[in-house]
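Protein chains: 2
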Amino acid sequence: MPAPRGVLTARRSPRLPFLDVPYFDAASAAPLHPVARQALLAALDEGWADPARLHREGRRARLLLDAARETAAEAVGCRPDELVFTPSGTAAVHSGMAGALAGRRRVGRRLVVSSVEHSCVLHAAEAHEEAGGEFHLAPVDRTGLLDLPAFRSLLRPGTALACVQSANHETGTVQPVAEAAAACREEGVPLLVDAAQSLGWEAPPGGWSLLTASAHKWGGPPGIGLLAVRKGTRFSPARPVDERESGRFPGFPNLPAAVAAAASLRAVRQEAADEAARLRALVDRLRARVPALVPDTEVVGHPGLRLPHLVTFSCLYVDGEALLTELDRAGFSVSSGSSCTSDTLVPSHVLKAMGVLSEGNVRVSLPRGTSEEDVERFLGVLPGIVAGVRSSLSAPVAGGPREQAPPQAPPQAPEGSPAQEEAQEQEGSPEGAVPREGGGRAPGGAAAVVDSRGKRCPIPVIELARRIGDVPPGRVVAVLSDDEAARLDVPEWCRMLGHEYVGETPAEGGGTAYLVRRAHG
Amino acid sequence: MPAPRGVLTARRSPRLPFLDVPYFDAASAAPLHPVARQALLAALDEGWADPARLHREGRRARLLLDAARETAAEAVGCRPDELVFTPSGTAAVHSGMAGALAGRRRVGRRLVVSSVEHSCVLHAAEAHEEAGGEFHLAPVDRTGLLDLPAFRSLLRPGTALACVQSANHETGTVQPVAEAAAACREEGVPLLVDAAQSLGWEAPPGGWSLLTASAHKWGGPPGIGLLAVRKGTRFSPARPVDERESGRFPGFPNLPAAVAAAASLRAVRQEAADEAARLRALVDRLRARVPALVPDTEVVGHPGLRLPHLVTFSCLYVDGEALLTELDRAGFSVSSGSSCTSDTLVPSHVLKAMGVLSEGNVRVSLPRGTSEEDVERFLGVLPGIVAGVRSSLSAPVAGGPREQAPPQAPPQAPEGSPAQEEAQEQEGSPEGAVPREGGGRAPGGAAAVVDSRGKRCPIPVIELARRIGDVPPGRVVAVLSDDEAARLDVPEWCRMLGHEYVGETPAEGGGTAYLVRRAHG
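Note that the protein sequences, when read in sequence, are chains A and B.
Throughout the first sequence, residue numbering follows full-length UniProt numbering, covering 1 to 521 in sequence.
Throughout the second sequence, residue numbering follows full-length UniProt numbering, covering 1 to 521 in sequence.
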């Protein structure tokens with residue numbers, strides 16, 4: 001099919017030679033940029049010595065380190081003496097937060113972070129709390145955008161630090177950093193901006209007090225992060241420290257990686273505008289066509305304020321791990337919306353904070369140089385893969401609530417279990433299944449009960465979809481589940497298919513009952 | 001001149017191509033081993049992805065990381081699941097100490113470390129103390145060897161951790177790790193062995209509970225360290241952590257560096273026995289010939305229990321920085337006995353703990369492949385360089401106390417200063433310059449006073465050497481100094497030249513008076 005104008009004509013970067021399959025997980029780690037590789041090799045030859053030493057190898061290393069610092073500072077938008085290199089973006093966040101919190105300990109121990117920050121920010125917030133501090137999560141809307149009035153209201157006296165990412169790593173939503181910084185400035189609170197996902201595209205707006213980033217996100221080498229601390233920001237580095245990196249990060253510096261990080265940051269910035277436009281067109285195509293090609297799928301994140309290269313969508317009735325595995329088998333490397341540090345497939349805290357579907361979540365993040373052909377190929381295989389996974393899970397056919405009987409027998413609760421008795425009782429008299437005061441077994445006036453306890457998502461939603469047709473319109477089905485993801489996915493299923501989500505109540509015998517009223521018509 | 005047998009016949013490794021001058025500072029950082037370079041490049045191509053991801057790039061990265069861990073664990077002498085990669089040796093030490101101290105917090109908060117540990121160990125000990133813990137320094141003898149009975153006596157109840165390095169980074173002295181581990185085992189105290197300087201040569205003896213190392217010391221890349229924690233060792237990692245590296249070190253792992261570190265560790269170990277023998281012969285030559293060629297110089301460290309590639313000596317009447325600069329100008333890169341993290345030229349805590357001369361300290365640490373010719377060239381230029389620096393500082397000519405008048409006028413104290421008056425008074429009647437009770441200006445019964453306050457070492461010792469001939473044998477000269485290094489260097493000067501060091505006393509008007517009794521004959 002013909003591709004939209006502007007994409008076909010866009011400049012195409014060559015695919016990196018070692019990417020033998022389309023790699024669509026740039027937000028986890030980008031392949032090494034050729035400039036980074038070149039700079040790393042040169043710096044390994046010229047900058048292996050200790051830059052703190054006085055001999056010629058040490059002085060040569062020091063010159064390289066100074067030059068790398070200047071280049072990186074220019075790209076960040078700060079002074080070289082405000083920037084230090086750390087071993088990772090996580091290390092930059094951890095030491096930046098610890099240093100800022102300790103520096104303002106006298107002001108208070110209150111920490112405000114957006115609820116969609118990277119897990120490393122949340123880990124540091126939890127550590128702060130364990131050490132006697134307190135932290136507060138600023139909410140986001142359904143697109144993942146920071147709720148600015150709520151954020152501002154959290155910046156109460158005693159707030160030592162606030163953290164807002166420049167753009168989200170799972171959804172691509174770009175945060176209102178300038179507005180958040182203005183609110184912080186008014187309240188006299190320093191703002192730490194985690195720019196890990198966006199620094200390769202552009203410098204975040206000014207106004208931040210601390211900024212962190214991670215080189216392997218823009219095609220720099222692993223093993224290097226950036227921490228910038230504006231002059232005038234109170235900062236007391238976590239102990240122990242030494243004389244390295246202005247006393248802000250201890251240990252022998254990873255100089256070759258710093259050089260490669262700086263060189264590649266400059267390089268990717270030079271091509272950022274063109275490449276962002278090109279990838280944005282490809283992402284627009286994915287955003288438009290994935291929901292059209294794959295039924296019961298929704299795109300997650302802000303429609304306009306977003307990173308150029310990243311799109312996330314969620315598919316009903318699909319197991320995320322199975323989807324990843326099948327896409328991988330078909331030659332596409334994607335990620336699923338969990339934290340950046342694991343594929344544990346617990347529901348992502350980001351999707352949870354947004355209140356959107358976590359089921360069958362797929363993050364596509366295109367590395368620079370991704371070809372249109374690969375995106376088209378992805379669009380070509382995705383519908384069949386989703387359908388295959390759905391079929392293997394006996395999911396309902398797509399398109400909305402099913403009124404006819406399920407093609408396969410619904411999963412049976414074990415013989416003699418309370419849920420089975422309950423279901424039999426209610427199946428016999430759906431209209432009469434009203435809650436009994438003080439001792440009812442059908443929660444919330446449900447006309448039918450689906451006991452999906454002990455089953456992982458998406459099974460609870462699949463079973464709900466199969467059984468909703470068993471009750472008349474206007475009546476309630478209770479889904480019992482002990483999978484945390486059901487709390488997100490059942491309401492979202494209702495929203496997507498037009499049923500009413502009534503609410504949740506603890507289920508007798510454990511787990512939670514999610515109550516769904518079948519739509520009329 | 002003919003070199004000793006066994007050295008000429010020893011196998012010579014080729015000098016690494018990018019070492020255009022003899023680099024004798026391997027203990028700071030070794031040039032990248034060719035195997036490390038090769039492995040790093042391969043791992044950058046194959047292992048740039050996130051090893052926690054499920055797609056093929058992630059799985060490939062995970063395989064590489066697992067293989068690197070197995071290789072490194074084999075070289076360390078532990079199980080792969082006992083070993084994690086950290087961003088540096090310093091990070092390994094800091095997280096290892098913090099984790100072990102926190103894991104045994106209920107036992108007590110007492111920490112015992114040898115007084116010659118690397119500064120990163122001492123920094124962590126200070127941080128522990130700042131956080132409410134306590135730490136105790138175990139003494140060493142004049143050769144830098146741990147005083148085992150003193151160490152054992154410090155392992156009192158409530159001791160959470162002890163730290164003993166495998167070998168010293170400044171003197172090369174190899175510590176009795178097996179004996180220290182046995183003492184710790186008897187007292188039920190875990191032992192952390194910092195093996196940074198020795199792991200490239202051999203695995204330290206077993207018995208340790210935690211072991212740390214740094215890849216760039218053996219020719220691995222910068223940006224990678226090792227932390228091994230034996231099963232059964234109580235360990236509670238410092239927060240924040242994530243799911244990386246068994247929850248022991250957070251952040252995106254530097255996988256290419258880990259692969260290169262492991263590969264190069266295996267490579268250097270394969271050639272370690274031959275290369276150690278070859279370098280030991282070169283170091284033996286330096287140890288024998290430097291004191292013979294350069295008067296008033298002594299070799300520091302244990303004569304037998306030492307690393308194969310490292311020798312440290314100290315030269316009287318020489319400024320360390322000037323010596324380094326002149327050696328650098330002559331094409332030799334060496335280091336001076338301060339901490340590994342700076343050339344601040346404050347007296348080294350190691351030399352101080354040993355109680356040896358810190359003046360004019362030079363550490364020569366030969367990288368693998370150092371040629372005999374380069375060592376001979378070094379021996380050829382060193383005497384002239386030391387003599388030149390001595391001459392520029394108006395140091396006395398070598399060979400012992402001078403009885404004749406100095407060739408140049410001694411430095412004058414400012415007109416009308418108390419010291420000048422004192423000197424004049426004493427010069428006029430040296431025999432009568434006895435201390436006056438309650439208000440004497442000549443400290444400690446000195447017959448002459450040399451006021452070197454405001455002058456950095458080696459000037460105080462140079463001025464002492466010039467003036468000692470001004471008093472009769474058996475009489476005392478007081479050297480006034482506010483340079484901390486004088487506390488080490490004046491007694492050592494006495495020991496080397498046969499005078500009696502009487503002691504020190506606070507000087508009127510600031511600083512310290514060091515009292516020296518001129519030898520008879």
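Calculated directly from the structure, the hints in this document are not laboratory data.
Heads up, some of the hints might be wrong.
[As the list claims (entries may be wrong)] Covered stretches of chain A (chain B as the covering partner; in silico rule of three or more C-beta atoms under 8 Å from a C-beta of chain B):
1) 36 to 46
2) 52 to 61
3) 108 to 118
4) 123 to 132
5) 211 to 222
6) 248 to 260
7) 459 to 472
[Stated by the list, open to error] Far from chain A, by Cβ distances over 10 Å, these chain B residues were calculated:
8) Leu32
9) Asp45
10) Glu57
11) Ala73
12) Gly207
13) Arg248
14) Leu255
15) Leu305
16) Leu327
17) Tyr501
Each residue gets a CB set at the ideal place from its N, CA and C atoms; glycine is no exception.
List in ascending order the numbers of the hints, as given earlier, that are violated by the structure.
Violated hints: 3, 7, 8, 9, 10, 14 and 16; rest satisfied.
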